[in-house]
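**Q** From first to last, the protein sequence lines are chains A and B. Letter by letter, the first sequence follows residues 3 to 191 in my numbering. Letter by letter, the second sequence follows residues 240 to 322 in my numbering.
Treat each hint with caution, since some may be false.
[As the list claims (entries may be wrong)] Just a few of them, taken from the derived set where beta-carbon distance is under 8 Å, the chain A residues facing chain B:
| no. | residue |
| --- | --- |
| 1 | TYR29 |
| 2 | TYR60 |
| 3 | LEU153 |
| 4 | ARG168 |
[Said to hold, decoys possible] As a list, the in silico EDC-like pairs of lysine to aspartate or glutamate whose alpha-carbon atoms are at most 16 Å apart:
| no. | chain 1 | residue 1 | chain 2 | residue 2 |
| --- | --- | --- | --- | --- |
| 5 | B | LYS304 | A | ASP26 |
| 6 | A | LYS147 | B | ASP320 |
| 7 | A | LYS72 | A | GLU142 |
| 8 | A | LYS72 | A | GLU48 |
| 9 | B | LYS304 | A | GLU43 |
| 10 | B | LYS304 | A | GLU152 |
| 11 | B | LYS304 | A | GLU142 |
| 12 | A | LYS72 | A | GLU152 |
| 13 | A | LYS72 | A | GLU151 |
| 14 | A | LYS72 | A | GLU131 |
| 15 | A | LYS41 | A | GLU18 |
| 16 | B | LYS304 | A | ASP44 |
| 17 | A | LYS72 | A | GLU148 |
Keep in mind the hints are simulated off the structure, nothing from the lab. These figures come from a predicted structure and were not determined experimentally. Ideal placement from N, C-alpha and C gives every residue a C-beta, glycine not left out.
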Amino acid sequence: MESSERHQTPFQALFEREFVPHIDAVYRYAYRLTRDHAKAEDLLQETFLRAWRFIDRYREGTNPRAWLFKICYRLFANNYRSNKGYSTFNYEEWARTPDARAYDAKRTVSVCENDLSEELLSALHQLSERARHALFLLAEGYSYKEISEELGVPINTVRTTIHRARERLARRFLHLKRVRWVVWVEETE
Amino acid sequence: MKRNGGIPAPSVDNAAEKVKFKSKCRDVVPSEEDTEDIALSPPTNFDLEVEHLRTFLQRRLPSPKAPEHVRAWIRELPYWDPK
Numbered sequence: 003m004e005s006s007e008r009h010q011t012p013f014q015a016l017f018e019r020e021f022v023p024h025i026d027a028v029y030r031y032a033y034r035l036t037r038d039h040a041k042a043e044d045l046l047q048e049t050f051l052r053a054w055r056f057i058d059r060y061r062e063g064t065n066p067r068a069w070l071f072k073i074c075y076r077l078f079a080n081n082y083r084s085n086k087g088y089s090t091f092n093y094e095e096w097a098r099t100p101d102a103r104a105y106d107a108k109r110t111v112s113v114c115e116n117d118l119s120e121e122l123l124s125a126l127h128q129l130s131e132r133a134r135h136a137l138f139l140l141a142e143g144y145s146y147k148e149i150s151e152e153l154g155v156p157i158n159t160v161r162t163t164i165h166r167a168r169e170r171l172a173r174r175f176l177h178l179k180r181v182r183w184v185v186w187v188e189e190t191e
Numbered sequence: 240m241k242r243n244g245g246i247p248a249p250s251v252d253n254a255a256e257k258v259k260f261k262s263k264c265r266d267v268v269p270s271e272e273d274t275e276d277i278a279l280s281p282p283t284n285f286d287l288e289v290e291h292l293r294t295f296l297q298r299r300l301p302s303p304k305a306p307e308h309v310r311a312w313i314r315e316l317p318y319w320d321p322k
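All chains, please: the whole structure from these sequences, using the hints.
**A** Structure (structure tokens):
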């Protein structure tokens, strides 16, 4: 029986209406935080389980996606990272492996989309936790003001954090040679 | 890369020498090595607007979709774990 056909309590209806449409967005966010599909699945399930258990604290008419992201990030920051084997990707260590050298050799403009995506994610994971989180939220459509509320820091701190992160990203992508720079700049025009 | 193409810098208080120094620097032809360094440098006018950065991240960050079995598990969650 489809869930829409069965009798629903107000909370069940609220859950389906407000939270279920954001499953993919939360999964995407969880994947960017963990960089691992299995861990992202766990984090996604824990986020929605928590959202359901505390649904009576959710204020209807507010932003359900922001509420889910907040739960997801707190779970990641408080429990997941410390208790479930999350480790920060070490680019320097990886760069010394044969895989990395082979990867280096094929760094050309024709590099496939997915490689560049993972490379960008890897570059973001070299930034500070605050900067990384700010950029993830920026990618999710948050304004500076919303990011400052989410991070609990003044808006000018957000501006500075993003500005510096942007510069660091620029330096990080420098070794991809100028040709990649051109791709980056052209893409954003 | 040698600074100023290897031309020795003028003393701090000699204005005439400074002018001559600037003129010499303009005539320096960059070596191949210098040119390569320049080619590898980011554009100096590179200033990504925040909306451009947002678009770039949205296009370029991995955006996987949730697996179907997890999606089904979430949709059923309120029915096996009633409040």
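**Q** Each hint should be assessed against the structure and marked as holding or not.
**A** The hints, checked one at a time:
1. TYR29: holds (4 Å)
2. TYR60: violated (12 Å)
3. LEU153: LEU153(A) check fails; min Cβ-Cβ to chain B is 16 Å, beyond 8 Å.
4. ARG168: Since the shortest Cβ distance to chain B is 6 Å, the answer is holds.
5. LYS304(B) <-> ASP26(A): This hinted pair holds, its Cα atoms lying about 5 Å apart.
6. LYS147(A) <-> ASP320(B): Violated. LYS147(A) to ASP320(B) sits at ~36 Å, over the 16 Å cutoff.
7. LYS72(A) <-> GLU142(A): Judged against 16 Å, a Cα distance of about 13 Å means the pair holds.
8. LYS72(A) <-> GLU48(A): holds (13 Å)
9. LYS304(B) <-> GLU43(A): Roughly 10 Å separates the two Cα atoms, so the pair holds.
10. LYS304(B) <-> GLU152(A): It is violated: about 24 Å lies between the C-alpha atoms, which goes past 16 Å.
11. LYS304(B) <-> GLU142(A): The given pair, whose Cα atoms are some 15 Å apart, holds under the 16 Å limit.
12. LYS72(A) <-> GLU152(A): holds (8 Å)
13. LYS72(A) <-> GLU151(A): Holds. LYS72(A) to GLU151(A) sits at ~11 Å (cutoff 16 Å).
14. LYS72(A) <-> GLU131(A): holds (15 Å)
15. LYS41(A) <-> GLU18(A): At roughly 24 Å apart (the allowed maximum being 16 Å), GLU18(A) and LYS41(A) break the hint.
16. LYS304(B) <-> ASP44(A): holds (14 Å)
17. LYS72(A) <-> GLU148(A): This hinted pair holds, its Cα atoms lying about 12 Å apart.
The structure is inconsistent with the numbered hints 2, 3, 6, 10, 15, although it conforms to all the rest.
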